[in-house]
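Visitor: Sequence:
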Amino acid sequence: MNRYIFTVVLVICLTMGFDSHAQQRSFVQEDVIKVAGVGDGAQVYTLNANQKTSVRTYADGLGRRLQTVAMAASPNQKDIIQPEVYNALGQQTVAYLPYVAATGNGQFRSNALAEQSTFYSTTGQKIAVDAKPYSQQLFDNSPLQELLRSGSVGTGFQLNENYKTHQTRSSTSGETVRRWHADGSAAGNYETGKLVVTSLTDESGGQVMQYTDSRGNTVMKKAFLNEGSTTWLETYYVYSDAGLLLYVVPPKAVAIMNSANNYSLLQPAVSQLIFKYAYDHKGRLVERTVPGSAVAYLVYDPLDRLVLAQDVKMRASHKWNYIKYNSQGIAISQGIYTDNSRVGRTAMQGYVAGLDYGSNYFEQRNGASVTGFYSNVSFPSANIEPLAYSYFDDYDLDGNGTADYAYQSQGLAGEESATSATRGMATITSRRTIGNGLGNVWLRTVFFYDKRGNLIQTLSNNQLNASMNSVSTIVPDFTGKTIRTKTTLVVPGTTTTVRTELAYDHADRLLQIDESHNGAAYVRIGSYSYNELGQLVDKKLHSTNGGASYLQSVDYRYTIAGQLKSINNATLTVDDNNDDSNDVFGMELLYNEYNGGLGNTSLYNGMVSAVRWKVNAPGVASASERSYIFQYDKLARLKNANYADRNGTVLWYNQGAFDEKNINYDENGNIINLQRSAVIGGSVAQVDNLVYSYTGNRLDNVADGTGGSYGLFGFKNLTGSTASYQYDTNGSLEVDPKKGLSLSYNLLGRTERITITTASGRYINYSYDAMGSLLRKQAYDGGVLQKTTDYIGGFVFENGTLQHFPMAEGRVRNNSGSLKLEYVIADQQGNARVSFEDQGGVAVVRQENSYYPFGLTMPGSVLPTAANKNLYNGGSEWQDDFADLPDLQQTFYRMYDPALGRFIAVDPMAEASDSDGPYHYALNNPIMFNDPLGDVAQGATMASYGWSSYRTGSGSGNHWSDKNYGFLPNESFWNKVYDMTDAPYGGYWNPNVGFHKFQTQGAADGHYEAIHGDRPGDSYLKYLLSNNEKGAQIYAMVAVSAQNSKNKKDNSPLAKTLPFALTTSASDGPLPIGEAVGAAALAIAAINTPAIVAKMTREIDRIKMKTVGPNGFSYKLTVNLSGDYVNVRGNVVTLKKGDVWKYGETTQGIDRYGKYELNNMIPGGVSMMPIHYGNQVDIKINEKSLIYGYFLTHGALPPGNKIFR
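Last residue of the sequence shown: 1204 in numbering that gives the first Met the number 0, with the numbers rising by one and none dropped.
Possibly wrong hints are sitting among the right ones.
[To be verified] Heads up, simulated DSS-like pairs for lysine-lysine below, C-alpha to C-alpha not over 30 Å straight-line:
{"hint": "1", "residue 1": "LYS131", "residue 2": "LYS786"}
{"hint": "2", "residue 1": "LYS868", "residue 2": "LYS638"}
{"hint": "3", "residue 1": "LYS633", "residue 2": "LYS660"}
{"hint": "4", "residue 1": "LYS638", "residue 2": "LYS538"}
{"hint": "5", "residue 1": "LYS131", "residue 2": "LYS193"}
{"hint": "6", "residue 1": "LYS660", "residue 2": "LYS868"}
{"hint": "7", "residue 1": "LYS77", "residue 2": "LYS538"}
{"hint": "8", "residue 1": "LYS819", "residue 2": "LYS786"}
{"hint": "9", "residue 1": "LYS1201", "residue 2": "LYS275"}
{"hint": "10", "residue 1": "LYS275", "residue 2": "LYS318"}
{"hint": "11", "residue 1": "LYS131", "residue 2": "LYS538"}
{"hint": "12", "residue 1": "LYS868", "residue 2": "LYS786"}
{"hint": "13", "residue 1": "LYS281", "residue 2": "LYS819"}
{"hint": "14", "residue 1": "LYS868", "residue 2": "LYS193"}
{"hint": "15", "residue 1": "LYS281", "residue 2": "LYS318"}
{"hint": "16", "residue 1": "LYS275", "residue 2": "LYS633"}
{"hint": "17", "residue 1": "LYS1136", "residue 2": "LYS281"}
{"hint": "18", "residue 1": "LYS786", "residue 2": "LYS538"}
If you are wondering where the hints come from, they were derived from the structure by calculation, not from laboratory data.
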């Protein structure tokens, strides 16, 4: 793709009511070319809105943005205007939402604010109407101009209404902030005035205070709770003299020390609750301990490359995960190494450090299949069990000079041939299967690219078919957008072919999706309409007559802040929000709105205060309008969900019928009380009155105060046992005495077997590929195999027979030999609520599911035979193989128990929420967050077109993050569909983005910061694994490697760390390692490969899924003086005056930093320079592009950036 940036000076003569003098407006225009054959600027000017995207930025005489104009960007090809206003001091005290002009010529709007006000006060546009489409900020009058208050957009969120309060000060004598020595012994308190304290209070009184030392390290963070005897929850961070993080001390550990008046971190009750890190003399992370797990070891070779990693379970059998590299420092091979001689990390590190590599420090391709087509000369070369290989540059594995695989043309319109210029690209991956159900099967995938570097085809085999004849082909347009696809999956006795056609408007908003299955006529799966801001407002489903009629129309509306407000509506009647009377599902979400009938409390911190929904389906348990009212504590954790329903306009009744309430937590967020009710025998009854007890964060026992009267629903104590739960040394549940379950795990940390101990020979075996993707599940009863379920890129087979596979708006079901389309409508969390199918031109509901907040399905839900089991948490697969047992929900990493509201294994990304226990689900706020992968809580999103992306995954069809049809190895088909690689706006300002998928604004940014210290995704650990793909994130930099990156010198290989997954982002994912160590063994230098750019692009796509948010700009901080500086990872870097210190983005205006903060951030200070103006989605995209660009150029993050953000 080509991008031309033209700088033009435009003279606008304003004569009607304005100064008669000519007023000059300079602007910069950026044109992104979307068609081939454009070679010079003169041609660019002749292109229309379908052929290019144009953005003008107008500036004043000081170079400040006045307006940013996305020319002809609205659905009706009108300009989208982003106005900017400054006060006399140059502050942006008011930030305005973008609006749509009446023309599309890109001209400066002299009356922009009046036009913007009119735009948001005009009804009938399917856009939120509000008298205050802006947000305000208040600064102090000091030279520092510090931010004091900040509001949000909309009525009720301004500075005289509900707002956030900010404060920065020095620590006072009344504050106790404790210190510790490196050995964990107490070291007294910090002196008064030695710490900088930043405080943020949100609109609902949630408050966080963060204490930072002179080196910029956060030493304590406390959040306001004010419940019972607990006022604040404190988390401490302890560093070495070199600034390396040694301990993270969560609130529960602090409470124990306070209670005992003993502040040693070494006491057992405290030690089991803290994160611990140890380093060698080079500052490399060598030991990591997560609460609930034993210590994990890391070993490095003489070149500072991570070569071995070991968790406690591997240690018992003297096994290590190993990783090998090619000459470019890219990981190419990984597996299991056994060494019975050198026991322990010290002995192994000493041995490896003493190796004389000579010329054998990397692997080369040698054509020998016995060693995986690599030379096998680098350590370790013996006693190894290879699990996976990745190959780059070409397709000649056997080294005979001829490619072993070739692109297979599919005869698709617009299809191009594959390029031979693949140097640096991942071309082939091989991974071995793990588990009793498959044995040593090797799976291979081959990747082909076009001349622009787009992945256009994969060839693969699968566990049912060893031949490389399953083909997935993508046809992209000039910008890289997918316009058509074809996938053919071959297994014995069955060949399934899926074709897809996609159409977009001039701004690349998806307009329609057509699919054909096994050569049948195309069906229009979905047609999509948008309001003038680019928000999806209507999704029409299923047309067999080219769009003349559809089975369902699903309407969406939003708040002024961009939060999802309604799906149709909760009464299923026609009104301004809903244009059809035959809808099968509707839902409304209330935030700050008060409903007198419900009696909810208005919330101004972004939380959902109530939800109403209705299902129009025969057999549904309640045909009434149903509702929940939610209450939260100051930490945004769910406290009460109170249920009621009604018929028509009748008052709400059945109050309490499906409550989840009186939920209490310990200091680490472990649930200690939960009550649940249900309608049993026509009457409301309490079915659960649970009391949890713990050792550390591990659940010891659960007592049900109901006496187990309803043991078949809710919490199940089927055995009547009072015995405690039992865990393995990695913190994973081994024995559930209540359900009668016994669980075991493989070396990847994945569930290997679940045994139902109440019956003889009843168990389930799970088999995976080497990167942890579920491939096969086998259920045995009486020791006899009953059913084998195979998962192949979203296609699901039972006993070799195809059952279903995903399509854009649901799934395609095998209905006695014929394929039947089943559409799924999801809620704001991506939870499947209603599925329907075509019966004689009528939408007939096939399945309905309503949920308690923590994920239990309500009694009475409509469940047919061959029911969809990919339901809650973005489509996690319900495990119910034996009469609802084991009754767990499977995510990629670990199982979730909705009856208890907890995961059953330690979070592989526990550091992402270090103030919470490692078993929590969705930060204990399942209304605003979910955790589809089982690794990181994230603001819940709903695919506006493509529910299938929520429940096809990890090669297993059991969650939403994976490829649907095997189109792409690392990302879902729909992630590719929405891929904007080198596409419109090129990662720059786009007022239309953020509406490909809906997002409930999990929490207002300020509230989330007030509770957790960072916004979702802003922590290094959180962000790198929070993306919604499997491959590049599964073993991307987890805590171990991330911590190492924080503390390693920038000129070392590990300072140049990106996940190994990045080097194989066009592969079926990175190489596998044990879960407790996570991807530490894959923290490899992956410098300057196309895969890094692909990873960045996918992360940008995730940003585009979010709501637009307030306006702001990206910026860079540059150093004022040349010299040596200590970066945020504690390492010395040499910088010249003007070099970049940090990239960032802000919605707080030019005063994001006070002058004092800029002058004292580093010796000599830094200068702040705005780079790109736009809405919050846009500036985050630009920020990410800047940081990744720096990394690709320098091999390390900018000195002041802790994360890739």
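Visitor: Hint by hint, note whether the structure agrees.
Guide: Hints and how they fare:
Note on LYS131 and LYS786: the hinted pairing is violated, with a Cα-Cα distance of about 59 Å set against a maximum of 30 Å. For the suggested pair LYS868 and LYS638, the alpha carbons sit about 28 Å apart, so the restraint of at most 30 Å is met. Under the criterion of a C-alpha separation no larger than 30 Å, the hint pairing LYS633 with LYS660 is consistent with the structure, at around 16 Å. Restraint check: the Cα-Cα separation between LYS638 and LYS538 comes to about 34 Å, which exceeds 30 Å; the hinted pair is violated.
With a CA separation close to 42 Å, the supplied pair LYS131 and LYS193 exceeds the 30 Å bound. For the suggested pair LYS660 and LYS868, the alpha carbons sit about 26 Å apart, so the restraint of at most 30 Å is met. Proposed proximity of LYS77 and LYS538 is supported: the alpha carbons are some 22 Å apart, at most 30 Å. Proximity of LYS819 to LYS786 is assessed by CA-CA distance (about 23 Å); at most 30 Å being required, the pair is judged to hold.
The suggested pairing of LYS1201 with LYS275 holds, with an alpha-carbon distance near 20 Å, which does not exceed 30 Å. Using a Cα cut-off of 30 Å, the hinted pair LYS275 and LYS318 holds, with the two alpha carbons roughly 23 Å apart. Note on LYS131 and LYS538: the hinted pairing holds, with a Cα-Cα distance of about 29 Å set against a maximum of 30 Å. Straight-line distance between C-alpha atoms of LYS868 and LYS786 comes to about 16 Å, which keeps the hinted pair within the 30 Å bound.
Taking the CA atoms of LYS281 and LYS819, the gap is near 61 Å; set against the 30 Å cutoff, the hint is violated. Among the hinted pairs, LYS868 with LYS193 is inconsistent with the structure: their alpha-carbon atoms are about 56 Å apart, more than 30 Å. Simply put, LYS281 and LYS318 have alpha-carbon atoms about 25 Å apart, close enough for the 30 Å limit, and the pair holds. Among the hinted pairs, LYS275 with LYS633 is consistent with the structure: their alpha-carbon atoms are about 28 Å apart, no more than 30 Å.
Proximity of LYS1136 to LYS281 is assessed by CA-CA distance (about 29 Å); at most 30 Å being required, the pair is judged to hold. Taking the CA atoms of LYS786 and LYS538, the gap is near 38 Å; set against the 30 Å cutoff, the hint is violated.
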